[in-house]
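Visitor: The hints should help you fit chain B onto chain A, whose structure is shown.
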Amino acid sequence: NAGVTQTPKFRILKIGQSMTLQCAQDMNHNYMYWYRQDPGMGLKLIYYSVGAGITDKGEVPNGYNVSRSTTEDFPLRLELAAPSQTSVYFCASSYSYGYTFGSGTRLTVV
Amino acid sequence: TQLLEQSPQFLSIQEGENLTVYCNSSSVFSSLQWYRQEPGEGPVLLVTVVTGGEVKKLKRLTFQFGDARKDSSLHITAAQPGDTGLYLCAGSKNTDKLIFGTGTRLQVFP
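So the sequences go chain by chain: A and B.
All letters in the first sequence, in the order written, are residues 3 to 112 by our numbering.
All letters in the second sequence, in the order written, are residues 31 to 140 by our numbering.
None of these hints come from the bench; they were simulated from the model.
Any given hint could turn out to be false.
Cross-link-like lysine-lysine pairs, in silico, DSSO-like; alpha carbons within 27 Å at most [claimed, not checked]:
1. K100/B x K123/B
2. K46/A x K100/B
3. K127/B x K59/A
4. K59/A x K123/B
5. K59/A x K100/B
6. K127/B x K100/B
7. K46/A x K11/A
8. K16/A x K59/A
9. K87/B x K100/B
10. K123/B x K46/A
11. K86/B x K123/B
12. K11/A x K127/B
13. K46/A x K127/B
A quick note: this is a predicted structure, and the numbers were derived from the prediction, not measured.
In isolation and in its complexed conformation, chain A is listed as follows (with noise of 0.2 Å):
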C-alpha cells in the first residue's frame, strides 16, 4: 500500500501565485488533515475533513482552503502566496486513533 501520497516534494512559489498541494490516500480512512511545520517545531493544524463533503477549519486557516470531494483524496489551496506560507506541509490520515503521515512538501515563498 502507498499509504498517504504528497505532491509536489518541493516547490518555490513567488508571492501572489497559487497552487494547490495534492494528498491521496488509499487506506479508506474518513479523517483527513493539513499540518504545516515551521523549522525546528512542531505541527499546526490547518484544516481537517471528518468525511468526504466535509471540512472543518484547524489552528491556523488564513490564506488556506481545501476540499474533500472524494474520500482518497484531500486538496490543500493557496490562493494568493505570503512569505508567511513558507513551510513543510504534511497530509496525515486516520482510521480511530494513530495518524498515517505523507512525506511531505516543502514550499518556499519569495
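Guide: Frame of chain A; chain B shown alone:
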C-alpha cells in the same frame, strides 16, 4: 496558545545513556500519542495511550500517561544513534483531530 509543552526542547547525549522527555498540559486528553520524525520525512506513530496511568513499552522505549491524563513521558534506555530524531507528543480530546506538542530534538552521538 500551545496546549502541549515538551521538555527539554533539545537533548544531546552519548550512546548508552538514558533519557526522559516530558509532555505537559493543563488540559485533559482522551488519548495521547508519541511520534518520531526523521529529517525530510513525516512523523511516524510510536504509541497511543488512552488510560490514565497506562504504561507501554516498545523495546527500549517506555511511555507513560499521567493519572489525570494531562501529561505523558517517554523514557529511552541505553540510547542508540538510531534513536536520533524529533520526538512529538500529540493529544486528542476526541477522535477527530490531534494537537501536537512543541517537539524534542534528540541527538545521540556514537
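Visitor: Now tell me if each hint is right for this structure.
Guide: A quick look at each hint next to the structure:
1. K100/B x K123/B: Satisfied, since the Cα-Cα distance of roughly 11 Å is no more than 27 Å.
2. K46/A x K100/B: Given pair K46/A, K100/B holds - Cα atoms ~20 Å apart, limit 27 Å.
3. K127/B x K59/A: 11 Å, holds
4. K59/A x K123/B: 16 Å, holds
5. K59/A x K100/B: 24 Å, holds
6. K127/B x K100/B: Given that 27 Å is the threshold and the Cα spacing comes to 17 Å, the pair holds.
7. K46/A x K11/A: Within the cut-off at roughly 19 Å; holds.
8. K16/A x K59/A: Answer holds: K16/A to K59/A is near 25 Å, not above 27 Å.
9. K87/B x K100/B: 20 Å, holds
10. K123/B x K46/A: Holds: K123/B and K46/A sit about 16 Å apart, inside 27 Å.
11. K86/B x K123/B: Holds, at roughly 20 Å.
12. K11/A x K127/B: 24 Å, holds
13. K46/A x K127/B: Holds, because 11 Å separates the two Cα atoms, which is no more than 27 Å.
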